[in-house]
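Given the sequences, and given the hints that come with them, work out the whole structure.
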Amino acid sequence: MTALLDIDRLRGGYGRVQVLRGVSMTIDAGEIVAVLGANGAGKSTLNNTVSGLYPAFGGAVRFEGRDITRARGTDIVAAGLIQVPEGRRVFPNLSVLENLELGSYRRGRTRRTQSLERVFTVFPRLRERTAQRAGTLSGGEQQMLAIGRGLMAEPRLLILDEPSLGLSPLLVEEVFALIGQLNREGLSILLVEQNVGQSLEIAHRAYVMENGAIAFHGTPAELLGNSDLKRAYLGI
Amino acid sequence: MLDPAILLASALNGLTTGAVYALIALGLTLIYGVLHIINFAHGAALMVALYGVYFLHRGPGLDPYLSLPVMVPAMFVAGYALQRLVIGRASHGKDENVLLVTLGIAIVLENLALFLFKSDTQTIDTPYTFSTVSILGAMISVPKVVAFGGALVVAALLLLLIRRTDLGRAIRAIAKERQGARLVGIDVEHVFAMSFGIGLACLGAAACFLLPTYYVNPQVGNGFVLIAFTIVVLGGMGSFAGALAGGLLIGVVESLGGLWLGESLGQIGIFLIFIAVLLFRPQGLFGARA
Chain F
0 MTALLDIDRL
10 RGGYGRVQVL
20 RGVSMTIDAG
30 EIVAVLGANG
40 AGKSTLNNTV
50 SGLYPAFGGA
60 VRFEGRDITR
70 ARGTDIVAAG
80 LIQVPEGRRV
90 FPNLSVLENL
100 ELGSYRRGRT
110 RRTQSLERVF
120 TVFPRLRERT
130 AQRAGTLSGG
140 EQQMLAIGRG
150 LMAEPRLLIL
160 DEPSLGLSPL
170 LVEEVFALIG
180 QLNREGLSIL
190 LVEQNVGQSL
200 EIAHRAYVME
210 NGAIAFHGTP
220 AELLGNSDLK
230 RAYLGI
Chain P
0 MLDPAILLAS
10 ALNGLTTGAV
20 YALIALGLTL
30 IYGVLHIINF
40 AHGAALMVAL
50 YGVYFLHRGP
60 GLDPYLSLPV
70 MVPAMFVAGY
80 ALQRLVIGRA
90 SHGKDENVLL
100 VTLGIAIVLE
110 NLALFLFKSD
120 TQTIDTPYTF
130 STVSILGAMI
140 SVPKVVAFGG
150 ALVVAALLLL
160 LIRRTDLGRA
170 IRAIAKERQG
180 ARLVGIDVEH
190 VFAMSFGIGL
200 ACLGAAACFL
210 LPTYYVNPQV
220 GNGFVLIAFT
230 IVVLGGMGSF
240 AGALAGGLLI
250 GVVESLGGLW
260 LGESLGQIGI
270 FLIFIAVLLF
280 RPQGLFGARA
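Sequence order for the protein chains is F and P. In terms of numbering that gives the first Met the number 0, the first sequence has 189 at position 190, counting the first letter as 1, and numbering is strictly consecutive. In terms of numbering that gives the first Met the number 0, the second sequence has 47 at position 48, counting the first letter as 1, and numbering is strictly consecutive.
These are calculated hints, taken from the structure and not from any lab test. Bear in mind the structure is a predicted one, so any value in this text is a computation, not a measurement.
Partial list, derived from the structure: chain P residues whose beta carbon lies under 8 angstroms from chain F: (1) R168; (2) A172; (3) A174; (4) E176; (5) Q178.
The following residues of chain F were derived to be distant from chain P, with all beta-carbon distances above 10 angstroms: (6) F56; (7) F119; (8) L164; (9) L170.
Pulled from the structure, derived: some chain P residues nowhere near chain F, Cβ distances all over 12 angstroms: (10) A8; (11) L11; (12) L61; (13) A77; (14) L111; (15) L115; (16) T128; (17) M138; (18) E262; (19) Q266; (20) I274; (21) P281.
No residue lacks a Cβ here, since even glycine has one placed at the ideal position from N, Cα and C.
Below, the structure written as structure tokens:
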């Protein structure tokens, strides 16, 4: 069986600065895989290289068996690999509804009405605010809008980059519960987080990144059972 | 004291001119609002469009209004190609480069026109150039009424496109959040070029409405572009409703100013209003709530 996402010795970075020094990882359909690591470990670079925003220097990325290493960002979205970026990146000058509608700009446009209904079921708070400008939402609501916008594209794999960043502890609970719920409904998720504890509670497997490479990979139980690892990389 | 009938006629006349100003300013607003570039080539592009209408009339004898289905798509394609092949490539992502590139394009176009068509001012004769219609007792030139109606229709279509279509949503999204736009699969370079193309398509329409009562020479765009920039600032940089209202207002002010101060001083009123707005409401009449 081929993996949903297969990253093979990927190298990449910004301009001439190499950040990723041969990253390999796989995600199978139906999984939540957590990517952990400190600031500057290369997590967001990995996301953006996989999403086609930055060019890969070497290695390969295969999505559902298809080589997308050098595909354009628009084609990667069309294939169903959707990223919800760090910092939400919602369209502040557009209404909540328009933000969601643009989520299905490249993919899932014909089923826009059904997808909207699904997003409103998952995030009832967004339904109350359809006409409100996204820039005036609270941080938690913007995070829900960003995830909702990602769901509008009917993702085959959803990459969530730091969804808990800047949220109150209560909202962090809520967001993680939602991620778990989306996964139980069949969505495959790549969760990139600094929040180790809560990520490991919902993840099936985890990778720990350090200096642009994978330092460890295994199940949450293996990770939490290794005290050296916890101290060295996770600070817990 | 001035006769109210003359005042009315002058105001209505100004409104018709203002609608065409608004159309030109809407194109500029779209390009500024999305690409954040001040398109110095806007006037030169209008000049090119006016020559297009002029030669379609002189050659195949096409009526200026029938030139619309030719000039609007032609200017759109020219704008799309210009952004995609010249401006986008030369800019390297720096706004100040774009400014200089559009300035360069303006100089090249104007001098090409001088070289090819000489500096002579050209006009066209149509059967309706001098026909008038009575509105509320004031005699208004028929082509000016057509220009007014046409400009408003085009402006309404543009607003509809911006507000109601996915392309319009993508245009507005890119104006504020490019990275987010890329992540929903919007082809940013394509939308940039579409915006530039639509901006110039507005000029194609404006040229068809203008030429029956106006003239063309290689410098014709400069006067318009100065007014259009004023309107864009007046309306609140990047606001479409503001550009439309600002255009109509400027048209009326210019016309009434000309009535009181004489033709050559008529534009003083425009810049007095402009200075007043900058002093007391620098975000423009319809400026976005910051």
